[in-house]
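A.B. asks: Residue strings, one per chain:
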Amino acid sequence: SQQGEEDPQALSIQEGENATMNCSYKTSINNLQWYRQNSGRGLVHLILIRSNEREKHSGRLRVTLDTSKKSSSLLITASRAADTASYFCASSGGSNYKLTFGKGTLLTVNP
Amino acid sequence: NAGVTQTPKFQVLKTGQSMTLQCAQDMNHNSMYWYRQDPGMGLRLIYYSASEGTTDKGEVPNGYNVSRLNKREFSLRLESAAPSQTSVYFCASTGQGRYEQYFGPGTRLTVT
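Protein chains in written order, with the numbering used here: chain A, 1 to 111; chain B, 112 to 223.
Treat the hints as calculated values from the structure; they're not laboratory data.
All C-beta atoms in this analysis are idealised placements derived from N, C-alpha and C, irrespective of residue type, glycine included.
Careful, some of the hints might be misleading.
BS3-like, lysine-lysine: derived pairs with alpha carbons at most 27 Å apart [claimed, not checked]:
hint, chain 1, residue 1, chain 2, residue 2
1, B, 182, B, 168
2, A, 103, A, 69
3, B, 125, B, 168
4, B, 168, A, 103
5, A, 56, A, 70
6, B, 125, B, 182
7, A, 69, A, 26
8, A, 103, B, 182
9, B, 168, A, 26
Counterexamples of contact, computed for chain A against chain B with all Cβ distances above 12 Å [as the list claims (entries may be wrong)]:
hint, residue
10, 9
11, 11
12, 41
13, 46
14, 78
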């Protein structure tokens, strides 16, 4: 069964605004990752946060992790039209490197 | 480096036909995965191979078989295609001791 659930399912913002997407998961994890998927393309890894980390930054991306609430958020600052894509969280809870993906958030950034 | 490649890009099958989806990676990765993506469902793991010579079932393995041909190649076979297998199929790989996965461009399969 799907472990991660993203919220909202869809988000539409203007260029320059910040976009925040949330993810919840059900069982304990080793790490949580975020991926981007442009329409009709494969997924691209964005950032990984380990279970003992609370916040991580990469360029315009900021990820937080709250293991007590089993939730994570992805913040994209100063969004651009090129950020338009679907964003998925994926959690890893075992030693076999399997990922469980959420259903994704479709982000539309209007120019 | 080409990364992860998949063939074919598109395929239309009739119910009951069989086919094999091919996946190859040139990053010397140990682990490889097959997912299917359906609208509103995210990605679901079909099968994975933690290392050359091993394969294991994922979340939705029914109707599929896999072969880890060598370290580079991991194929997915549909023996008797059904309309419920209409989907986009993605192959992915990951390196030793790593968690981030690298994805291929996908195969869009329609079963009529």
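A.B. asks: Would the least Cβ to Cβ distance between residue 41 of chain A and chain B come out above 12 Å?
C.D. replies: Residue 41 of chain A not clear of chain B: closest Cβ-Cβ about 6 Å, inside 12 Å.
A.B. asks: Closest CB-CB distance from residue 11 of chain A to chain B, is it above 12 Å?
C.D. replies: Residue 11 of chain A is indeed farther than 12 Å from all Cβ atoms of chain B, at 16 Å.
A.B. asks: Taking C-beta pairs only, is residue 9 of chain A more than 12 Å away from all of chain B?
C.D. replies: For residue 9 of chain A, whose nearest Cβ neighbour in chain B is about 8 Å away, the distance does not exceed 12 Å, so it is violated.
A.B. asks: Please verify whether residue 182 of chain B and residue 168 of chain B have alpha carbons no more than 27 Å apart.
C.D. replies: Holds: residue 182 of chain B and residue 168 of chain B sit about 18 Å apart, inside 27 Å.
A.B. asks: Taking 27 Å as the top limit, are the C-alpha atoms of residue 103 of chain A and residue 69 of chain A close enough?
C.D. replies: Holds, because 19 Å separates the two Cα atoms, which is no more than 27 Å.
A.B. asks: Verify the proposed pairing of residue 56 of chain A with residue 70 of chain A, using a straight-line Cα cut of 27 Å.
C.D. replies: This hinted pair holds, its Cα atoms lying about 16 Å apart.
A.B. asks: Holds or violated: is the Cβ of residue 46 of chain A farther than 12 Å from all Cβ atoms of chain B?
C.D. replies: Not fine: 9 Å to the nearest Cβ puts residue 46 of chain A too close to chain B.
A.B. asks: Can the restraint linking residue 168 of chain B and residue 26 of chain A be considered satisfied, given a maximum Cα separation of 27 Å?
C.D. replies: holds (21 Å)
A.B. asks: Hinted pair, alpha-carbon criterion (27 Å max): residue 69 of chain A, residue 26 of chain A. Please report holds or violated.
C.D. replies: holds (9 Å)
A.B. asks: Sort out whether residue 168 of chain B lies within 27 Å of residue 125 of chain B, counting only the CA atoms.
C.D. replies: Distance ~25 Å between residue 125 of chain B and residue 168 of chain B Cα, so the pair holds.
A.B. asks: Taken at face value, is the distance from the CA of residue 182 of chain B to the CA of residue 103 of chain A at most 27 Å?
C.D. replies: With a Cα-Cα distance of about 30 Å, the restraint between residue 103 of chain A and residue 182 of chain B is violated, given a limit of 27 Å.
A.B. asks: Are all C-beta atoms of chain B more than 12 Å from that of residue 78 of chain A?
C.D. replies: Fine: 24 Å to the nearest Cβ keeps residue 78 of chain A off the interface.
The structure does not agree with the numbered hints 6, 8, 10, 12 and 13 stated previously, though it agrees with the rest.
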